[in-house]
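Asks: This is what each chain is made of:
Number of protein chains: 2
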Amino acid sequence: MLPSLTPFFEPASVAIIGASKNPAKLSNGIVKNMLSNGYKGNIFPINPKEELILGIKCFPSITSVNDRVDLAVIILPANSIHEVIKECGEKGVKAVTVISGGFKEVGKDGSELEKEIITLVKKYHMRMIGPNCVGTMNLTTGLNTTFIRGVPSIGGIGFISQSGAVCGGVVDHVAKQGIGFSHLLSLGNEADVSETDMIEYLAGDKNTTVIAAYIEGIQDGQRFIQVGREVTRSKPVVVLKAGRSAEGAKAVSSHTGSLAGSYDAYKAAFTQGGYFEVHTTKDLLNCAMALDWIKPPEGNRAVIVTNSGGPAALASDSFSDHGIILAELNEETKKSLAEKLNPAAQVDNPVDMLGGAAEDEYAHALEFALADENVDMALAVLVPQSLVDPVKIAQAIIEAAQRSDKPVIACLMGHESVQQAREILHANKIPMIDFPTQSGVMFHALIAHRDNKLRHKESGRGLTQLGTSMVNDLLSAHPNLKFWGEHLTRDVLKTYGLPIVEGRLAKTIPEAIESAQELGYPVVIKGASNDILHKSDARAVAVNIKDSNQLERSYREIMDNMQRVNSKAVIDGLLIEKMAPEGKEVIIGMKRDPSFGPLIMFGIGGIFVELFKDVAFRIAPLTPAIIHQMIESTKAYQLLNGWRGEPAYDIQAIEDALMRLSQLVIENPAISEIEINPLRVLPRGDGALVLDCRMILE
Amino acid sequence: MLPSLTPFFEPASVAIIGASKNPAKLSNGIVKNMLSNGYKGNIFPINPKEELILGIKCFPSITSVNDRVDLAVIILPANSIHEVIKECGEKGVKAVTVISGGFKEVGKDGSELEKEIITLVKKYHMRMIGPNCVGTMNLTTGLNTTFIRGVPSIGGIGFISQSGAVCGGVVDHVAKQGIGFSHLLSLGNEADVSETDMIEYLAGDKNTTVIAAYIEGIQDGQRFIQVGREVTRSKPVVVLKAGRSAEGAKAVSSHTGSLAGSYDAYKAAFTQGGYFEVHTTKDLLNCAMALDWIKPPEGNRAVIVTNSGGPAALASDSFSDHGIILAELNEETKKSLAEKLNPAAQVDNPVDMLGGAAEDEYAHALEFALADENVDMALAVLVPQSLVDPVKIAQAIIEAAQRSDKPVIACLMGHESVQQAREILHANKIPMIDFPTQSGVMFHALIAHRDNKLRHKESGRGLTQLGTSMVNDLLSAHPNLKFWGEHLTRDVLKTYGLPIVEGRLAKTIPEAIESAQELGYPVVIKGASNDILHKSDARAVAVNIKDSNQLERSYREIMDNMQRVNSKAVIDGLLIEKMAPEGKEVIIGMKRDPSFGPLIMFGIGGIFVELFKDVAFRIAPLTPAIIHQMIESTKAYQLLNGWRGEPAYDIQAIEDALMRLSQLVIENPAISEIEINPLRVLPRGDGALVLDCRMILE
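Residue numbers (our numbering), protein chains in the order written: chain D, 451 to 1148; chain L, 451 to 1148.
Think of the hints as simulated: they come from the structure by calculation, not from any bench. Source: prediction; values computed, not measured. Be a bit skeptical, because a hint or two may be false.
A pair counts as met if it fits within one copy or between any two copies, since identical chains are not told apart.
What the hints assert, rightly or not - Keeping only pairs whose Cα atoms sit at most 35 Å apart, straight-line, the calculated DSBU-like set for lysine-lysine is:
| no. | residue 1 | residue 2 |
| --- | --- | --- |
| 1 | 1085 | 717 |
| 2 | 558 | 471 |
| 3 | 490 | 471 |
| 4 | 499 | 842 |
| 5 | 879 | 626 |
| 6 | 842 | 471 |
| 7 | 996 | 626 |
| 8 | 1085 | 1063 |
| 9 | 499 | 790 |
| 10 | 1063 | 717 |
| 11 | 785 | 475 |
| 12 | 842 | 482 |
| 13 | 565 | 785 |
| 14 | 842 | 626 |
Please model the complete structure; the sequences and the hints are all you need to start from.
Replies: Next up, the structure:
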């Protein structure tokens, strides 16, 4: 719960600054909406040129209102807003919603203006929604500060949208569908109040059972994950992210000026935060409807009861896409089904009652199918037939659903002929869809919610005995160095206990020979220069050096090669490393995402990463559970785990390395990129070794 | 064109056998539909108990009709249909549509009945649609033999569905949407007339511009591919396949008794036939609408003109999923756009005119955006705003689209408030959708159609000088052998010129030594037994044998190992093969699909096939173009083509091997499976070698 947001949704009084008498103006629409939805508080239109607007008294300025004002809705040209916000602050207003555009979304000048007003808002300890938004609705109190035409039904969906247009589109789309909302709000530029704030607020709102969010860009990425992880254990949050693709991100960033971030980071954040992601507006609404009205199933086994096989097949395909399987009905169920259905009916799953099936057959089939212990949920499908009344079928579905505690979704195909059936189903909180292909994602959302509820609260993370101060010393030794080669990065990683292959930096041939003798032949030697990070390309690596003669020869060659590649390179010497035992090579790394912070990558090296993009991303700080799931989510994971007679590799050592990497990058924000490539993983029990690494500082 | 199907759609007279007076009966609905849609031919209801039905004369039997009857629609209990069909045949009826169920879909007895009536139909040289269907509509002539309530608008979409229910659902769904159909027909069990027949028929129908098909199972797979390949060069065909997943296939096969076939075979057939596959009913209708009304774009660069950024981002994501890119507008276009749009508008692509944009701004933006040479097509997006009239925006879109020869799709979000705009847009043949996420697949369908039109007719395929008769001799030498080991399969492959590694079958140690000397050491030896096909598992392979001593020792070991694995195995000797040079290993193989025939597989060996399922399937006969595209469609293809400094391998040799395999399996239907694993591909120019193979006969 965020009490500072309450005045936006439960204000005792609202001022509309810039209210107009002209019905063609949006600001007139706001006054109209405030008056016509049952809002019980005081309404103060503010406009120095008017006496009355829509029959209520108008004030010349907010300071001239004698009463207390909780919320001010501002719709005035951008350049006059600074002054008005100041007046609001002085008046003791707690919350302002700025509808007007002309800020960050129009470029540099607008950005400046936006920064100025947000400074002012903070100075007066106010909160602000917008600018560049269409306002908010609290359906249960009748508060409506938008100029959107129409309001949806009242229900449990809290709908959040960065885009006001998407809010308006949704209101229009759900008209007459009976899908119910608790709140509907647009956040615009999110100069102050963000999606994450709203998720936190709606999590504590008793009228909201599910949160649905249309997201373009997240600014407070780390908090977004933490809030999600907390909220989704009890209340589901469905998200639709626009700008998944490079093309889409371009569209988003060009219009709101928000940084879209990389979709890999968003996917990781959704997974870690327990958010359920969908890809279309329709799925967003359908999943929210299902989560609002029906409780999650106990398992993933669904039964289909239908009057036609074709749609059942389409539904099954959709199930399969979402990890839902067709339940195996037990023999008794089949016998009971056969008793009343058409003798030619299919009494296996899908239960196909054939075209003529009427309401009593639906009632019978659903009753017995839902009672089967192998069934966790049901989809009832009707293709309208001329002799069957969809309304009666809807009633049969409602009755069966109400007698069972398993979730039921209805799919009545068609449009015109099933409208009345939809109204009845929705009035009884049974979600109805038009096409069977929409069902899989809805059941999936319910199952994901159940899994979230079962998720254990994770205990404290982080390792002890790791020293930030030592890293600080290392970093400050090279204050202006951006690209850090292996020979320097090794020391940083070592501080956090990462398993670096044994090695020495040698500045001369005798030093190199001495180091090699200490390490024991064979050794690997590599040129050490922060100016030459791609050592193999520069032919600055020699492996399996067996004696001092070979070492000396290779030393000279590498020095020559490095000179040739970059004659200005500062060469710090040569790195002499022990030859590592055979193993499997993996890549781990980190890149700091502007919205979410440290995005950590894991993948099995070589073509798996390069050709198949078989990599997993998560956002630090990582926990053991997240790391475990991260590694398992790659396809190549099986190659580590005893693939076809190969040895099993030390996955525990990878997990440990990822945990240490996570803590290193969390505690040292100056590091903007790290790559450990390869981390050679040895057979189980033997650990892993960092064979090469580099990093980039801010 | 299939003239034998014309009587179904342009009959001069129709008998409805089993017509009823009772308005609660489906057969009454058929008479009503026949009467009320403008059909101009004669209608003869047949029912021995009635004189008049719905005011027209009823006949006791079809033989009592004095006039000629072209089409008979039969709706009677299954067991009485045999007799009626006989009467139809004797009467000279050309086409029968059997609505009644109770045939193949109900099990064995029904299957028998179905076989009997189809024999009769063929005897009288009639054609039959059904049984177990809901009949057909020809919208342009008013013929309507269905009992579906309502008819859609007239237009260019020929809609084919195996499922009658899906037909009915579609009619209901498109009511009042203005999407137009030429034909709408359900095929039921397809005892005679199949989807392929209908595609061929509609290809020749001048009122049909696009064919849309809902498919459960295809029986005549090879013809389906050939017809598609021919038809789609001029007329697009969009398909929705139910039963893609194992779950979905189960649903299909349980209800119609049709064999769903493996989805890999379907995907191959759609690719080879030029069919455009979609995954939802909504996409099927939307793509058909777009293909009916607008011509394909010249390229894949789209512009979005919108009054809101959020939906534009969602559209862009959808573009990206379908290979469509956002056009780079040229500078002059941007200048022209800026002239009339809101100064804060985004004049880059997406062109975001901001919330207040009115019709003149849409007109202006679309005109200049469509005129840009970098733009191939446009999506116009409107999120309804309280001060903007959707109808006027629709008119602006229509005018701009009509002045340009580039395709335009409109996305007016919402439902209630945009209904009138939809009517106007559709009346002017501009496709309108509700959600931006629907746009990508539609543009993709248009582009795929353009590509199909540009596709060259492929010249004759097939190799000469390959001998079926030689294979016949080889096969008949082992008449009862089902599993063929490498030593026998080699000879079969050799006949078709596949590059078998050099080798000899030896029955004794002296023979083996002699063979090895002829081949030259080192050699590989393998146990030769049709009873032990997994030679490595049985430790019946030894590689890199360098001399006769080693050979003798390995020979004895392999013999012992084989005895131990299967003491009853008939051992034909040992195969002595030359050691092959280094290369890349690929798998090629064939499995005969019950619907489509020889399904040929290609993949790069090892984990690529086993872990990543990175394999491609096509249906033989293959052509050089198909083979080329098949190999390129795997991700691992790059590994053959000079990956990161590795040599480029002899892809031409793989293509040649696939071509020979294709011809072998086409010409020798007794072979039901072949696997060549590995085919070792040598560096470019050096060819490839079959290192192991086996096959299974019927």
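Asks: It remains to establish, for every hint, whether it holds in the given structure.
Replies: Checked hints:
1. Both within a single protomer and between protomers do residue 1085 and residue 717 lie at most 35 Å apart by alpha-carbon distance, with minima of 17 Å and 23 Å respectively.
2. For the identical chains of this complex, residue 558 and residue 471 are intra-copy neighbours only, at 33 Å inside a copy versus 77 Å across copies, given an alpha-carbon limit of 35 Å.
3. Proximity of residue 490 to residue 471 under the C-alpha cut-off of 35 Å is restricted to the intra-copy arrangement: shortest distance 22 Å within a copy versus 61 Å between copies.
4. For the homomeric pair residue 499 and residue 842, the shortest alpha-carbon distance between copies (33 Å) is at most 35 Å, but the shortest distance inside one copy (58 Å) is not.
5. In this assembly of identical chains, residue 879 and residue 626 lie within 35 Å of each other by CA distance both inside one copy and across copies; the values are 14 Å within and 28 Å between.
6. Taking the closest pair of Cα atoms, residue 842 and residue 471 come within 35 Å of each other only across two copies (25 Å); inside a single copy the shortest separation is 49 Å, beyond that limit.
7. For the identical chains of this complex, residue 996 and residue 626 are neighbours neither inside a copy (81 Å) nor across copies (83 Å), given an alpha-carbon limit of 35 Å.
8. In this assembly of identical chains, residue 1085 and residue 1063 lie within 35 Å of each other by CA distance both inside one copy and across copies; the values are 10 Å within and 11 Å between.
9. With identical chains, the CA atoms of residue 499 and residue 790 are at most 35 Å apart between copies only, with a shortest distance of 31 Å across copies and 74 Å within one.
10. Proximity of residue 1063 to residue 717 under the C-alpha cut-off of 35 Å is found in both arrangements, the shortest distances being 15 Å within a copy and 24 Å between copies.
11. Taking the shortest alpha-carbon separations for residue 785 and residue 475, only the inter-copy value of 29 Å comes in at or below 35 Å, while the best intra-copy value is 66 Å.
12. When the C-alpha separation of residue 842 and residue 482 is checked against a cutoff of 35 Å, the pair qualifies only between copies, where the shortest distance is 25 Å, while the shortest distance within a copy is 40 Å.
13. Within a single copy, residue 565 and residue 785 get their C-alpha atoms only as close as 71 Å, which misses the 35 Å cut-off; across copies the closest is 30 Å, which meets it.
14. Proximity of residue 842 and residue 626 under a CA criterion of 35 Å is satisfied in both settings, with 20 Å inside one chain copy and 24 Å between copies.
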